[in-house]
Every structure is written in C-alpha cells, then in structure tokens.
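Student: Below are the chains, spelled out letter by letter.
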Amino acid sequence: MIVSMTLELKDIPGQLVLALSPISEFHGNIMSVIHQHDEKTPRGTIPVQVTFEIEHRVLDKLIERLENSGVKVARVGEERLRSTVSVILIGHIVHSDMGDTIDKIDSSGFAEVVDMSLSMPAVEKTSSGYLVINAVGEDELGKALDIMREVANKKDLLMIEPIRLNSVGA
Amino acid sequence: MKTVKISIIGFGAVGQGVALSILSKREYLKKQGIDLYVVGISDSKGSEINARGIDIENALLRKKQKGSVAVGTRDAHDIISDVEHDIVVEATPTNINNGEPGLGNMRLALKSGKHIVTSNKGPLALHFNELKEEAQDNGLFFRYEATVGGAVPIFNLVNEALAGNTVVGIEGILNGTCNYILTRMSEERMPYDLVLKEAQELGIAEADPTYDVEGIDSAIKLIIIANSIFGLDSTYKDVNVTGITKITPEALELASRNNYVVKLVCEARDGKLTVAPRLVPKRHPLAVGGTLNVASILTDLAGRITISGKGAGSIETASSILSDILYIARNS
Chain A
30 MIVSMTLELK
40 DIPGQLVLAL
50 SPISEFHGNI
60 MSVIHQHDEK
70 TPRGTIPVQV
80 TFEIEHRVLD
90 KLIERLENSG
100 VKVARVGEER
110 LRSTVSVILI
120 GHIVHSDMGD
130 TIDKIDSSGF
140 AEVVDMSLSM
150 PAVEKTSSGY
160 LVINAVGEDE
170 LGKALDIMRE
180 VANKKDLLMI
190 EPIRLNSVGA
Chain B
1121 MKTVKISIIG
1131 FGAVGQGVAL
1141 SILSKREYLK
1151 KQGIDLYVVG
1161 ISDSKGSEIN
1171 ARGIDIENAL
1181 LRKKQKGSVA
1191 VGTRDAHDII
1201 SDVEHDIVVE
1211 ATPTNINNGE
1221 PGLGNMRLAL
1231 KSGKHIVTSN
1241 KGPLALHFNE
1251 LKEEAQDNGL
1261 FFRYEATVGG
1271 AVPIFNLVNE
1281 ALAGNTVVGI
1291 EGILNGTCNY
1301 ILTRMSEERM
1311 PYDLVLKEAQ
1321 ELGIAEADPT
1331 YDVEGIDSAI
1341 KLIIIANSIF
1351 GLDSTYKDVN
1361 VTGITKITPE
1371 ALELASRNNY
1381 VVKLVCEARD
1391 GKLTVAPRLV
1401 PKRHPLAVGG
1411 TLNVASILTD
1421 LAGRITISGK
1431 GAGSIETASS
1441 ILSDILYIAR
1451 NS
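Protein sequences, first through last, are from chains A and B.
Each residue of the first sequence is one higher than the one before, starting from 30 at the first, in our numbering.
Each residue of the second sequence is one higher than the one before, starting from 1121 at the first, in our numbering.
Rather than coming from a laboratory, the hints here were simulated on the basis of the structure.
Owing to the predicted nature of the structure, the values given are computational and were not obtained by experimental measurement.
Incorrect hints may appear among the rest.
Stated by the list, open to error - Below, computed lysine-lysine pairings styled on PhoX-like, alpha-carbon distance capped at 20 Å:
(1) B:Lys1357 x B:Lys1392
(2) B:Lys1317 x B:Lys1357
(3) B:Lys1150 x B:Lys1122
(4) A:Lys184 x B:Lys1150
(5) A:Lys172 x B:Lys1392
(6) A:Lys154 x B:Lys1366
(7) B:Lys1165 x B:Lys1122
(8) B:Lys1366 x A:Lys183
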C-alpha cells in the first residue's frame, strides 16, 4: 500500500534521518519527502510529509517505532488512487447498462470511476461518454484499462484511450 | 558533373509531380553537380523513351492534352529491362491486394541492376523484406521516403539524422483525410457523414473513402515503418486497426472540454502495431490539424523528436522522391 504520513520533528539536527531510517528498515520504498523547515507548528516542531510504499502488516510497528524514537506521527493516510486516465466511450452506453460498466472498474478494488459526463443527442442515436478512472498505481491503471477494454468490446462500444504520455523522453 | 539517368514508371499525380520538380530544379541540380535525365516515362497506355533525355515539358503537355504520355507501345517492363539507366522511379498506384503492377516493376528493376525510388505502398506492405534483401544482395539502393508521410522525411530522419539512436517507439498521424475529417468535426461540431461529404467535394476524400476512414491506409504505412525502422516482418494482419467512422461530434466535444482532441494515431511499440482513434492533449506536438501528417519518434539518446508537414500532394510527394534520387546520385 502507499502511505502518506505527516511527521513532526524537533528542531534539532539529525531528526530527518531519525524519521526516515525506520521506514527503510521496514523495507518501505520512499516516494517523496517534503521538508518545510521554515514552517513550524504552534508546538515548535517542523512538519514533514513523507509518501512511501510499504506492506500493510508492518505499518503499526513502524508508527510505534517512530513514536518511540521521539518523532510525532501527526497524520497517517492511505494514498489510494494516485494514477489517473481519461477515456471516451461511444455507443449505446446507457442501454448497455452504464452502472454495470462502472461497477466492473469499481469492484476491482484497485481502481474507481471518479468522474463521468454523458452526451445523448437523441434516443435512437449513439451516446458519447467521458470517463475518468483513478487507480492505486500505474500497473493497476493498466489493469483497469484492460477491464474497460474488455467491457467495451463485449458491449460493442468504441473506446478511445489517450496516447501513451509516459513514454521515454515524453 | 555526374550524369544520372532515371525512368518514371507511372505518370499520375506523383509521376507528373516528379517530372515537374525535375524541370523546375534543373539549375539547382546542376549546381549540385548532377545532370539528371529522364530517359523513359510510362503510364497505363504506353510510353515515351529517349536515351538522350525526354523533353519533360512536352511530355507533361501531352499528358494533359491527350490523357497519356504514350508515343509508343513499349511498356513499363520494356523500359525497366531494356533502356539503359540508373534509377527506376516507381510511382504507379498503390494496390494492397497483390502489390501489382508496382511489385513486378520493382522486382524487374532489381533484376536489371537498377536502383529503386518509390511512392508505392502496396509492394512494401506486402514484400518489404524480400525487396530490401534483394536490393542489398545486388548492391542497389531501395528508397521509399515518399511512401509514408508525403513530404515528411521520416526514414531520412531516423536513418541519417538520428543515426546511433535506438528507436523505442513511434506515434504518428499518417492519413491526411482522417485528420481533416476529425479536425472539421471538432471545430464545426458537424457529424461524420456531413464532413465526409465536404471532404469528398474538396477532393480530400475519395468517392469510396473506406481505405482512408477505416484506417487501412494508416495501417499500411505503419507496416512499412515497422518493417523498415524496427526490422520486423509484419503484414496487415499484425496491425490492430480501428477506423474513425463511429466517432460522434459529441465525443469530440467532450474531449475538447477536457483539453483533448481525438486523432487517428498509428503506434508502433514493443512489437505491437496499432491504428486507433486516441485522445491527444491539445498542446501535445501530435495535435496537428487539417490534413497535416505528423510523426513523433521516441529514441534512447535524443528523446522525443516530432516532425510534421504535408502528407499528400503531387509536388510534396515529389519532394521526398527527389530527395531519394539525390541521395542515390551522391552515394552511388
């Protein structure tokens, strides 16, 4: 899982290492650290936002270790849906059960349809829909697109995906 | 001064464009140290042959007035095998079913020891590797810049300017007709059928538009790119093709509201070949409008390089052919 934590450090040297090394010890993969040295809390501590990937079962132990070493864990949140993609669907979107289409993504557990706009010009004409899908990570986003492709194929919908932006040198 | 003799096989829009540009570039070519003669021109009705060089102006005029360049009955094969010259410019129409008559012309040219410059996609989509190897084995040049992207120098860019780079992938818009239709649909909020009709009236789309709008033309160009740049041995069945006929103005409007345009994009990557409508961010270099073509080449060293330009037109296509002729003239 991907975790985002706000830690509060004492304003003395060596505190950042003290805060980050337990994450490494628990085999966490640190993705970003935002250290705002000039923004103190009313308690005189310095807030640090750390985002990292770690196994769920060691999270409680990590928090305990941090607290014991004098690092205050002010907030812990799961960063669930970090990756996003937009697609367009064209066809009989509503009559082919829109709810079911969205459900197929939402029930995956790693992706959700977070936005959708529909345009239906006339009853007998095909509709067009714009969907935004968020997922836990890039791999999961790829899987969500696979699911969506399969659904579109089954329901005879044309699915328009974005060009691949995250290419080398893009 | 180096004397280079060529034949023009196929005297339609492209063949005439080549003749016209040779005519208008005579002084330029002389300054480059090249004396270029056209010793044979053929169309479906016959040919003109002159070992000392055909009067191009006259040939163009005859074609315009009589509908054919023919002054004799000897055909393309006679010119290719019997008339002494260096380069065969193969500009007959693309046939995607069996590649003929272009394929036969090209095979004969290689057998007769002539270099090939072509704009004809059919033979390359069907027998690229055979033709390339045959040319190599005989120490002949086989150049085909004009087959993909019209005036846009994709193969020259990759082979010459980007030499040393490994190409990771290519994305491109390689069909001007589809690009025109999608651009107009998006700008005017008009339905597909209406824009198609407009494009047909303007001569941008054919009376039978299937070849363009179903993505077949794009797929064929992608095959040539895949085989030439990625060294694959792919044919039409290896390309996943979706056309643009089902696209609605509402879909384009939804895309636009979210800062996207929809384009028919060819993609070659990881050995996979796809032609499909795609969402392209409005400010992305691939988002070119009108009938323009564009190719974005991803390389390991140079990163992404994108070039765009006119993908069709008689003189524009002749630009690529002339460039290939000069390449051979300089390097043979």
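Student: Hint by hint, say whether it matches the structure.
Tutor: Going through the hints against the structure:
In summary, the hint linking B:Lys1357 to B:Lys1392 is supported, as the alpha carbons are separated by about 12 Å, within the 20 Å threshold. A hinted pair counts as satisfied when its Cα atoms are at most 20 Å apart, and B:Lys1317 with B:Lys1357 does not qualify at roughly 30 Å. Distance restraint check for B:Lys1150 and B:Lys1122: the Cα-Cα separation of roughly 9 Å lies within the 20 Å cut-off, and the hinted pair is therefore satisfied. The suggested pairing of A:Lys184 with B:Lys1150 is violated, with an alpha-carbon distance near 63 Å, which exceeds 20 Å.
For the hint pairing A:Lys172 with B:Lys1392, the CA-to-CA distance comes to about 18 Å; that is within 20 Å, so the pair holds. A hinted pair counts as satisfied when its Cα atoms are at most 20 Å apart, and A:Lys154 with B:Lys1366 qualifies at roughly 11 Å. Our distance criterion of 20 Å between C-alpha atoms is broken by B:Lys1165 and B:Lys1122, whose separation comes to about 32 Å. For the suggested pair B:Lys1366 and A:Lys183, the alpha carbons sit about 16 Å apart, so the restraint of at most 20 Å is met.
Checked against the numbered hints above, the structure violates hints 2, 4 and 7; every other hint is satisfied.
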